[in-house]
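Chemist: Here are the chains, one letter per residue:
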Amino acid sequence: MSRHRISVRINGEVYEREVEARRTLLQFIREDLGMTGTKTACERGDCGLCTVLVDGVPTKSCLMLAAEVDGREVTTIEGLAKDGRLSRIQQAFIDHGAVQCGFCTAAFILTTEALLRRNPDPTEEEVKEALGGLLCRCTGYRQIIDAVLDAAKRK
Amino acid sequence: MPLPEFDYMQPRSIGDLMSILSKHGDAKLMAGGTDLLVLMRDRIIRPGLVVDVKKIEELHELSWDERSGITIGAAVTVNELLASEIIREKYRALWDAASELADPTLRNRATLAGNICNASPAADSAPALLVHGADVVVMSARGSRIIPIEEFFKGVKKTALAPGEFVKCINIANPGTARSAYMKWKRTWGEDLALVGVAALVGDSGVVRLAYSSAGPTPILLELRDVFDGVGPLEEKIEKASKNVPGGICPINDVRCAAEYRTHIATVLTKRVLRKLMGVGT
Numbered sequence: 181m182s183r184h185r186i187s188v189r190i191n192g193e194v195y196e197r198e199v200e201a202r203r204t205l206l207q208f209i210r211e212d213l214g215m216t217g218t219k220t221a222c223e224r225g226d227c228g229l230c231t232v233l234v235d236g237v238p239t240k241s242c243l244m245l246a247a248e249v250d251g252r253e254v255t256t257i258e259g260l261a262k263d264g265r266l267s268r269i270q271q272a273f274i275d276h277g278a279v280q281c282g283f284c285t286a287a288f289i290l291t292t293e294a295l296l297r298r299n300p301d302p303t304e305e306e307v308k309e310a311l312g313g314l315l316c317r318c319t320g321y322r323q324i325i326d327a328v329l330d331a332a333k334r335k
Numbered sequence: 002m003p004l005p006e007f008d009y010m011q012p013r014s015i016g017d018l019m020s021i022l023s024k025h026g027d028a029k030l031m032a033g034g035t036d037l038l039v040l041m042r043d044r045i046i047r048p049g050l051v052v053d054v055k056k057i058e059e060l061h062e063l064s065w066d067e068r069s070g071i072t073i074g075a076a077v078t079v080n081e082l083l084a085s086e087i088i089r090e091k092y093r094a095l096w097d098a099a100s101e102l103a104d105p106t107l108r109n110r111a112t113l114a115g116n117i118c119n120a121s122p123a124a125d126s127a128p129a130l131l132v133h134g135a136d137v138v139v140m141s142a143r144g145s146r147i148i149p150i151e152e153f154f155k156g157v158k159k160t161a162l163a164p165g166e167f168v169k170c171i172n173i174a175n176p177g178t179a180r181s182a183y184m185k186w187k188r189t190w191g192e193d194l195a196l197v198g199v200a201a202l203v204g205d206s207g208v209v210r211l212a213y214s215s216a217g218p219t220p221i222l223l224e225l226r227d228v229f230d231g232v233g234p235l236e237e238k239i240e241k242a243s244k245n246v247p248g249g250i251c252p253i254n255d256v257r258c259a260a261e262y263r264t265h266i267a268t269v270l271t272k273r274v275l276r277k278l279m280g281v282g283t
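Line by line, the protein sequences are chains A and B. In our numbering, each residue's number is its place in the first sequence (first place is 1) plus 180. In our numbering, each residue's number is its place in the second sequence (first place is 1) plus 1.
It should be emphasised that the hints constitute simulated quantities derived from the structure, not laboratory data. These numbers come from a predicted model, not from an experiment. Warning: the hint list may mix true and false statements.
Calculated lysine-lysine pairs in the BS3-like style (CA-CA distance at most 27 Å, straight line) [unchecked claim]: (1) B:K159 with B:K24; (2) B:K187 with A:K308; (3) B:K277 with B:K244; (4) B:K155 with B:K187; (5) A:K308 with B:K277; (6) B:K24 with B:K56.
Reference listing, derived: stretches of chain A covered by chain B, where coverage requires no fewer than 3 residues with Cβ under 8 Å from a Cβ of chain B [claimed, not checked]: (7) 184 to 196; (8) 218 to 225; (9) 245 to 252; (10) 303 to 314.
Over 10 Å on every C-beta distance to chain A, these chain B residues come out as not near it, computed from the model [said to hold, decoys possible]: (11) H25; (12) R42; (13) I46; (14) G70; (15) P105; (16) K158; (17) N172; (18) E192; (19) V228; (20) T264.
The C-beta atom is built at its ideal place from N, Cα and C for all residues, glycine as well.
Produce the complete structure using the sequences and hints provided.
Modeler: Take a look at the structure:
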């Protein structure tokens with residue numbers, strides 16, 4: 181099995197590693213780097229809980245090979261809070277009760293981050309559309325949608 | 002669950018790709034990997050070599066001209082199709098399909114070529130490509146050839162590609178004034194495989210083409226001749242056209258719904274999409 185040297189910037193820090201061809205980005209983040217904020221769930225691209233940002237774009241990391249991120253930038257949930265201060269999106273999720281078991285939370289927050297960067301003032305329809313690749317079993321989505329709409333209004 | 006073991010290569014040119022494929026007949030190509038990696042994780046396929054095509058610049062072509070129509074390279078993602086004004090304007094069925102395919106996150110990775118090469122009966126892009134009469138440009142060390150889309154799907158997850166062949170791009174001729182659309186029926190508002198999907202193309206010369214996903218082992222093209230000729234109210238002709246649907250498709254019962262439901266919905270959507278394209282009020 182082939183092995184591949186990668187140099188990837190994750191949450192601002194460069195990691196140089198060698199990975200097996202079959203190593204997914206998800207396994208690399210969680211197991212090789214110990215960043216377990218990103219979750220493993222369906223591993224089929226359905227649930228979205230493995231979502232990270234690759235060059236700012238929401239990506240289901242269970243369906244990406246670690247070897248593919250050589251020379252690229254990845255953002256995980258661990259990279260959002262700055263100096264211990266939660267981002268406005270993270271705070272809005274807490275304020276609206278959008279976190280229950282918390283398993284989907286990282287994926288929703290990162291996808292929201294990407295949404296608000298490209299569309300700072302989304303309609304509710306646009307929010308629902310953008311979050312369409314993510315599943316939450318607890319909240320019924322209402323609190324999540326409210327949190328996103330509220331976060332958009334915050335600085 | 003880890004993927005099975007495999008070797009991985011990322012050629013940077015079509016020449017390198019052809020050379021690799023001529024040496025490794027069992028290699029699988031990877032663009033977005035959104036079907037491939039799922040099949041591998043389930044051990045349904047176990048390729049010894051996975052060849053990633055995304056570093057081949059030529060395969061990212063997305064270009065249009067009046068004479069030859071649109072060219073969509075094998076590595077072009079579904080989101081790139083959605084961002085194309087030309088596709089939205091001239092190949093609306095394909096744009097509609099792109100907006101319904103999987104979900105917004107996966108659309109950054111999923112490719113049009115991958116959707117047809119995976120050849121699921123539910124492939125959303127297939128009905129649009131069928132009504133537009135797309136051509137699949139295929140290459141191998143033996144040369145290149147064109148497979149018309151009507152001949153591309155051979156069975157459930159089976160295509161007309163021979164060993165060593167790969168899709169270079171998909172060409173769709175300029176549709177002129179013909180208009181198209183795709184409608185997809187799902188169990189949920191959000192992401193779902195098509196329970197049934199219907200694409201239609203209506204041309205000014207009276208040509209009407211319909212195509213269906215999730216209504217048979219392969220996506221199905223129905224060409225309606227004569228139904229729209231002559232005088233008479235359009236609504237009646239649409240009703241008559243929809244009577245062709247049950248005999249033209251062969252859906253199955255599956256975990257998602259019953260065959261009769263698929264036939265019923267296919268008929269309903271056929272009428273809706275034809276009314277929409279022919280400007281008949283609902």
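Chemist: It remains to establish, for every hint, whether it holds in the given structure.
Modeler: Hint check:
At roughly 22 Å between alpha-carbon atoms, K159 (chain B) and K24 (chain B) fall within 27 Å of each other, so this suggested pair holds. Between K187 (chain B) and K308 (chain A), the direct Cα distance comes to roughly 16 Å. Compliance with the 27 Å bound is thereby established for this hinted pair. With a C-alpha separation of about 18 Å, the suggested pairing of K277 (chain B) with K244 (chain B) holds against the 27 Å cut-off. This hinted pair checks out: K155 (chain B) and K187 (chain B) have alpha carbons roughly 25 Å apart, not beyond 27 Å.
Taking the CA atoms of K308 (chain A) and K277 (chain B), the gap is about 26 Å. The hint holds against a cut of 27 Å. Of the pairs offered as hints, the one joining K24 (chain B) and K56 (chain B) holds, with about 20 Å between alpha carbons and a cut-off of 27 Å not exceeded. Only residues whose C-beta sits within less than 8 Å of a C-beta in chain B count toward coverage, and the stretch 184 to 196 of chain A has 1 of them, not enough to reach three; the restraint is violated. A count of 3 residues in the stretch 218 to 225 of chain A with a Cβ less than 8 Å from any Cβ of chain B is obtained; the coverage claim is therefore met, three being the minimum.
Only residues whose beta carbon comes within less than 8 Å of a beta carbon in chain B count, and the stretch 245 to 252 of chain A has 3; three or more means the coverage holds. Counting residues of the stretch 303 to 314 of chain A whose beta carbon lies closer than 8 Å to any beta carbon of chain B gives 6, which reaches the threshold of three, so the coverage claim holds. Even its closest Cβ contact with chain A, about 13 Å, leaves H25 (chain B) beyond 10 Å, as expected for a residue assigned away from the interface. At roughly 6 Å, the least C-beta separation between R42 (chain B) and chain A is not larger than 10 Å, which violates its mark as non-interface.
Here I46 (chain B) stays apart from chain A, with its beta-carbon at least about 14 Å from theirs, past the 10 Å limit. With a minimum CB-CB distance of about 29 Å to chain A, G70 (chain B) clears the 10 Å threshold, and the non-interface call stands. Residue placement check: P105 (chain B) does not keep its beta carbon more than 10 Å from all beta carbons of chain A (closest about 5 Å). Every CB of chain A is more than 10 Å from the CB of K158 (chain B) (nearest about 16 Å), matching its label as outside the interface.
Residue-level check passed: N172 (chain B) sits 28 Å from the nearest beta carbon of chain A, beyond 10 Å. Interface exclusion of E192 (chain B) from chain A breaks down, the closest Cβ pair being 5 Å apart, not more than 10 Å. Once the 10 Å rule is applied to beta carbons, V228 (chain B) is consistent with being away from chain A; the minimum gap is 36 Å. Against the 10 Å criterion, T264 (chain B) stays outside the reach of chain A, whose nearest CB is about 27 Å from its own CB.
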